[in-house]
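From just these sequences and the hints, can you work out the full model?
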Amino acid sequence: MFYFGADYYPEHWPEERWIEDARLMANAGFNVVRMAEFAWAKMEMIEGKFDFDWLDRAIEVLSSSGIKVILGTPTASPPPWLMSKQQDLFLVDSDGVRQTYGLRREYCPNNPLYWIFTEKIVNRMAEHFKDNPAVIGWQIDNEFGDRCFCSICSTKFQKWLQKRYQTLEELNEKWGTIFWSHVYTEWSQIPVPLAILRSQNPGLGLDYRRFMSDTYRDYQKFQIDIIRHYCPSHFVTHNLMGFGYNQLNYYDNTADLDVVTWDNYLRMQWDMRSYIDPAKAALNHDTMRGLKKKNFWVMEQQSGGGGWEYVAVTPKPGELRLWTYQSIAHGADGIVYFRWRTSRTGTEQYWQGVLEHHGNPGRRYLEVLQVGKELSKIGDLIEGSQVHTRVAIMQSYDTRFAFQVQPNHPNFSYEKHILDIYKGFFHNNIPVEIISEKDPLEGYQVVVVPAMYILTEETARNLEIFVQSGGIVMFTPRTGVKDETNTVVNIKLPGLVANICGIEINEYVSMAVDEDNQVKFGLPELEEDFPTSVWADLITPKGAEVIAFHTMDFYTNQPAATINRCGKGKVIYIGVIGDNAFNVSIARVISNMAGIKPLMKTPPGVEVMERWKGNKRLLFVLNHLSETQEITLDGKYLDLINENQISGIISIAPLNVLILKELINKNI
Amino acid sequence: MFYFGADYYPEHWPEERWIEDARLMANAGFNVVRMAEFAWAKMEMIEGKFDFDWLDRAIEVLSSSGIKVILGTPTASPPPWLMSKQQDLFLVDSDGVRQTYGLRREYCPNNPLYWIFTEKIVNRMAEHFKDNPAVIGWQIDNEFGDRCFCSICSTKFQKWLQKRYQTLEELNEKWGTIFWSHVYTEWSQIPVPLAILRSQNPGLGLDYRRFMSDTYRDYQKFQIDIIRHYCPSHFVTHNLMGFGYNQLNYYDNTADLDVVTWDNYLRMQWDMRSYIDPAKAALNHDTMRGLKKKNFWVMEQQSGGGGWEYVAVTPKPGELRLWTYQSIAHGADGIVYFRWRTSRTGTEQYWQGVLEHHGNPGRRYLEVLQVGKELSKIGDLIEGSQVHTRVAIMQSYDTRFAFQVQPNHPNFSYEKHILDIYKGFFHNNIPVEIISEKDPLEGYQVVVVPAMYILTEETARNLEIFVQSGGIVMFTPRTGVKDETNTVVNIKLPGLVANICGIEINEYVSMAVDEDNQVKFGLPELEEDFPTSVWADLITPKGAEVIAFHTMDFYTNQPAATINRCGKGKVIYIGVIGDNAFNVSIARVISNMAGIKPLMKTPPGVEVMERWKGNKRLLFVLNHLSETQEITLDGKYLDLINENQISGIISIAPLNVLILKELINKNI
Amino acid sequence: MFYFGADYYPEHWPEERWIEDARLMANAGFNVVRMAEFAWAKMEMIEGKFDFDWLDRAIEVLSSSGIKVILGTPTASPPPWLMSKQQDLFLVDSDGVRQTYGLRREYCPNNPLYWIFTEKIVNRMAEHFKDNPAVIGWQIDNEFGDRCFCSICSTKFQKWLQKRYQTLEELNEKWGTIFWSHVYTEWSQIPVPLAILRSQNPGLGLDYRRFMSDTYRDYQKFQIDIIRHYCPSHFVTHNLMGFGYNQLNYYDNTADLDVVTWDNYLRMQWDMRSYIDPAKAALNHDTMRGLKKKNFWVMEQQSGGGGWEYVAVTPKPGELRLWTYQSIAHGADGIVYFRWRTSRTGTEQYWQGVLEHHGNPGRRYLEVLQVGKELSKIGDLIEGSQVHTRVAIMQSYDTRFAFQVQPNHPNFSYEKHILDIYKGFFHNNIPVEIISEKDPLEGYQVVVVPAMYILTEETARNLEIFVQSGGIVMFTPRTGVKDETNTVVNIKLPGLVANICGIEINEYVSMAVDEDNQVKFGLPELEEDFPTSVWADLITPKGAEVIAFHTMDFYTNQPAATINRCGKGKVIYIGVIGDNAFNVSIARVISNMAGIKPLMKTPPGVEVMERWKGNKRLLFVLNHLSETQEITLDGKYLDLINENQISGIISIAPLNVLILKELINKNI
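Chains as they are written, first to last, in my numbering: chain Z, 1 to 668; chain A, 669 to 1336; chain B, 1337 to 2004.
FYI, nobody ran anything at the bench for these hints, they're computed from the structure.
With a straight-line Cα cutoff of 25 angstroms, these simulated DSS-like cross-link-like pairs (lysine-lysine) come out:
| hint | chain 1 | residue 1 | chain 2 | residue 2 |
| --- | --- | --- | --- | --- |
| 1 | Z | K316 | A | K1188 |
| 2 | Z | K492 | B | K1652 |
| 3 | B | K1421 | Z | K159 |
| 4 | B | K1492 | A | K753 |
| 5 | Z | K85 | A | K824 |
| 6 | B | K1510 | A | K717 |
| 7 | A | K984 | B | K1856 |
| 8 | Z | K163 | Z | K221 |
| 9 | A | K1160 | Z | K316 |
| 10 | B | K1495 | A | K753 |
| 11 | A | K798 | A | K717 |
| 12 | Z | K85 | A | K827 |
| 13 | A | K842 | Z | K49 |
| 14 | A | K1106 | A | K960 |
| 15 | A | K960 | A | K948 |
| 16 | B | K1385 | Z | K174 |
| 17 | A | K984 | B | K1828 |
| 18 | Z | K616 | Z | K377 |
| 19 | B | K1421 | Z | K156 |
| 20 | B | K1652 | Z | K520 |
Residues on chain Z that point at chain B, a partial pick, calculated with CB under 7 angstroms:
| hint | residue |
| --- | --- |
| 21 | F179 |
| 22 | W180 |
| 23 | T185 |
Here the structure is a predicted model, which means the values were calculated and not measured. Ideal placement from N, C-alpha and C gives every residue a C-beta, glycine not left out.
Structural data, given as structure tokens:
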């Protein structure tokens, strides 16, 4: 069953309205809602007095309309009576300022009292709802992640370090604390990296981020264990925040979950510009799918502009539907719109639901209803289908954390760099999986490793094995700079992979923000010049073949990119940061090398993805542009939404979607 | 008598200088000074030891030269001995940081000890000066308004809420605290909206601002009662800060005063650009006059650049005089220059007085002296004259406070929106009154209601009565969104006035910051296109006639503005934010509709205002430009400054002023 | 002996590496290192247990290779065991936030406990190393200067004030505390100027900066006395931060040192733009030389990009060498590169040393080695040579501090103004000395006094004597505004020097940031127009001759600059802020007037400096450009680096340096 529904807050509305809500939901084809995630105060208004009756009634109303329920544990929004118990319950931010009551997520995740009250509410919820047949799963808390810098966390961090390093001698050695006399002689001397420091020991900076990520994993596990105890047949999830969120190690922190779900917003008040990059959402999906290498849910699929103080830029007609299908195209097995009806009160008064404040169906409801109708036709075909990928882009949260400590260049962003590399494949309509530095590499033909700044021996070894066995690997600048304690390696770059690259970097250039350079490629299939910026590695080949040269400044004619045969495979090293055309070309060349063809050739702005069910495939063609586009099909397809056969040159309307079933499968 | 003078700080200068100051003042035609407002340390250098002798002598010197005195209570600048008594005396800002000693206005307005010392000094002053015949009035404190977030204020806020809502159930219901589980079960749990929250419950945010405004009203009233007890024949005022100041509800907070005075600065260090918008000062004046619907004083009329760390952009020759006459044209009955002589020490070393630091008369003195001479000729004609208006623009401090919590759009500012609407009339030379949402509407022909975001049933009812009786009302976007607890209404927009507008807004578009749109009007007198930005309401007429359409994007051809007949009147709804030309056109059309003609047609940059005394009127023609302008008079006038008759086409020199007495009154 | 070496941290590297380091150093011609400055934790890992053995061994290794040692006292980087003793040890910043452990320079310089531990470590070091023949000198701490705002400092400030003013009456009078009732009646009431005040009493603001500067002088003196007690034959220094550093009064604070050393960085992460202004480094050198009117060392000469979070823009090949010779050209007698080898750990992982992280010699080592070889040829000629100057630019740290309190204009910076004036001479190849307002003026022909805002009677008198005796003085706007308590003078500007200028400023114009003006000169040798901005003095000549007029706005044709004969000399007053061409012209005119000729005429970007040894001179020709330049020599020279005779038109390669020995000295 394809799950389709909304996040619903019955506690915000008069009980007599619930039936109408359920009716409108059923009418739109909804079969699931998430509830209760922020309802702690409604479930435990007074300490120790639990009330689930209202929620029982709400579930009853919904399940009568055929709607299943995912329950959220409400720990992201503790009630005032709890938070007024002690100041220590509140998180302290990196400025050393303690949060006060009045928003959400204000708790310190290491506070022991908070764990006690967490246990009580989660226990009682799980026990109460374990046998309710309408309940199918649980979401733990909501959007984990803010870092705390309080004294409780500080002490816990010291213990975490003690476990990791065993002795202070080892910690001092690994962090290189002799620099500026930071040699710790008691564990209790070790500080947390408050913002006032401006700069910090890189080892400490990285470990603190790891520790805070582990903290949330522990707190989540604490809740999961309770749920699993009572409700062994329910699935457990947490709603993540896509590729862009960089405070948690999502690989580690989803290991304990049954399924990954995430919150997919393309229009929020924090970016009021008109342009939406469809590749960003695509990367989000592919990252979320890559966490467990399997399909996921969108637990909050945008149902309108997302705003707090501002009303976000209004999504145009068709965008909600387009974005929903993009989610599905990339592997969503469930779509839950956030939220059912726009709240009339509270911080999120302008976070638009499927219904407007007044509760009457409008344009957004009708658009969602259209999707619901379409899904009722094609949901069965989608169910059980998977996304297949032959290209992986490798990322690492350790590297992210390390770049947070030292971004290396004001115009460099690791996340943007990965997005740019990703867009090279995206614009070629080549599906990509985002994997971690610890993931197995079998099954991929190409593994791209952008700026793997923290490079462990294990990862280097895995990559070497992959290449030796015939894989193609591509590296970019700032790879292999550090070991896992965030210490710069003692050898020439790219460090542990210099050997498989067949190169040595004897000098690198950090470019001025008002300067750029150029590379010239010398490959038969790529002879162009491309502008470069930010960084230039000056490569000395040690066996590798040079495929591109810098063309300006004192390093004119010095090697800028190389390719090296290594066992049955190849290793490409790109020593520059290029533009979009550069990334598209590189992705084309490298895919070609691996015999990987685009799913379809389309005009820019038209995205193609596929899902496979056995040997049958569904093509999703998504027009992200506001103008009609023409595409040429390579065979006969069944247009599932419009229920007709199509082939040859066809049109796709602005912001429209085609879901095509291949009638003759040429790609197998 | 027209009051004309300066703010004088005799305590800053050697006593032997006072006579020369008095001589120079009298020479310039001064008849009033304000004194003592920051002189607490001089009047009570040691706790409980009061010394008013020096002030008696200063008053004596001045009154010997025919100069009257307004005394300021000195509570805006407590001396160190007082503030060092307890930390709690200091205000805590929205970052939670407690002020320290060294500026002014550093006190918490709810601190009980501060009230005790306030009572002592005000009592002693009032008692001492009650019978001094030179003293004519009092100014309470100085420029009230900074919000405090300390624990004393927090507790007071909780009491204020208890009084307002009676029960927590009511408060929780009104604020919708069920959102994110903020349900308060003890009054003491309710927080103040510190900046660290980033976002806040809109109900709490609005009420806190109301509470802080009430706090200053109470503190002011506390002082007023003492003054009135001793000095029943003296007037009491406070110096306000014009339209732009948005921390206090100036309607409520001037109710206890006899007369409104305000501080009129056009050149301060906080804006070092060259262009001065004369409409801004005009709006300030019209707002201040509208507070009590009667004339006001300018208690601080700019006498040079206003600077602290920077020397503000130097006013050009003629500007001080021009700005003085603009004050008078808009209803000033007193002009008090700030300050007499530039201070040689302290924060305001670069807040330029009539005299420079060295005390010798210079350009600024001579310009003020010229005004003094002119006023000695025309003061009698001005005295007792009033500004008449037929157009009102309605504003609301509740709406301001609500927009502070949620600005709705990064490019929207309620204050700027009102200014823009105001400028439409200003550039048509149509006098406007700025009124509150609670003011009676009788006597106006047109009431413009821009973005009345918080719209009460009472206001909606008053507007309906006004329209039914023949008035014309114009609304703009974001009207009627909220009720008075800052909760979004449960009905379609424009909410409570949808009915009199004859429309329903089924969708609105928050526009991207890099996008705009257009409206096309279809009125015989207005067929133009205008660019629009920020916001677009898509209007469904329910009886109203459509007068303009959007012309771009997915809502092309959807109604953008309507007009509705309602009783004997008309209601216009404008669903867009237009540019200056748009606002000028709309003001012209709407005034025409009401039979209101411009006072005079002038080139842009030449302002015309009028004051009426019985059925005689004085025209003020103000050339705000640096080039000579020509205007065409519609009859014969007496030029009061130059004492000659003029008519036909005349020239007005750069930054010059004409004060014209109509010889034949055609407008009655 | 010319000292040439690096800052070396043997404690960061395995002891077995030291010999290789020493070998590479000796190979590059190094004869000195600085060590131990951040090694407190290595020397006293446990409180009271001192270990200097490792340092003895390191010194032994180095001295075996002929390398001498400067030892740094390690007080800039206290170890964790010390700082965890009490919170009070940590500095409090201007936001009132107490530093935490994890960077360096985190201590409060007035903390008594810190002084106790300082005494112990410095005592033990001095005692231990006093007889080590390899040790030649000491550096106290590292880059003094951050201001502390803690309660200990607050109390010390009150005592400092008591000493300065004796009575509160005097302090209140001098600061003008009657303004806003700040009259202090107890010393303990006087606050420190925390940032939350936004603005502050100018007297207090100036005195607090003086006090903090004195604090560091006292703390430095405390250490110097210990060193001198044990090591009377060693020199004592501190590494300063050039002209740009403005938190300390470098004239006062170097009075106790034997020699000035400073840290010369042109490429740091805080400015990632490509352009480097060679005049800035030149001004730094000339300021440092001017502190004691004698040669200095560069204790940290840039050996690569200087970065923490960012990798700074990479210096191009030749730049390290060019910048080294620029240091020498301006008076460096010692060059110590920072640092020997890039650290693999800690905050400064990207502060590039002569060697890269991996320790193998690369481009930077080879460039330094080239310099070493060249110096081995020419070092003897440089040794004992001095820079001669006939032009002085006078600066004042009191004026800097006062401008920090009140910058006067958003586009005015005293430091930039001095740099601009300096560049006028720099581009004319006329050597300049930067002197203090208290320095004797004998020996100069021209003294330029830019914006001497705080002007004491003593300085005014010295300038008058200088002029009377035949000197030429030039003033610029904002001169003479304040007395030494930061009170505005009671007379017309330029205050105490109005008389020798023969002028009176009756009005000044602070210009809008979007406006400019123009001056027209009327001198035979200077008839041009120049754009002006920021400020315009309208000058009334009182005996002076007008040499330039404003050409726009209401002050068109008013005098903008004057010259006045005074005794045997001349006083020029420039009442505007001009552009670069203006400053170059003025410098040319004024130098001409004094009979001072450029060292050489060169294309822009080619700098010429000279050092004199007796009556022999060495010319340094520095091509700061990336293109080859041609220059015309005015005689025959010996090219010392290339060891050939040259004359006539010669080429100088990009970023290259010529060191020329004059064969016939025409300039004597």
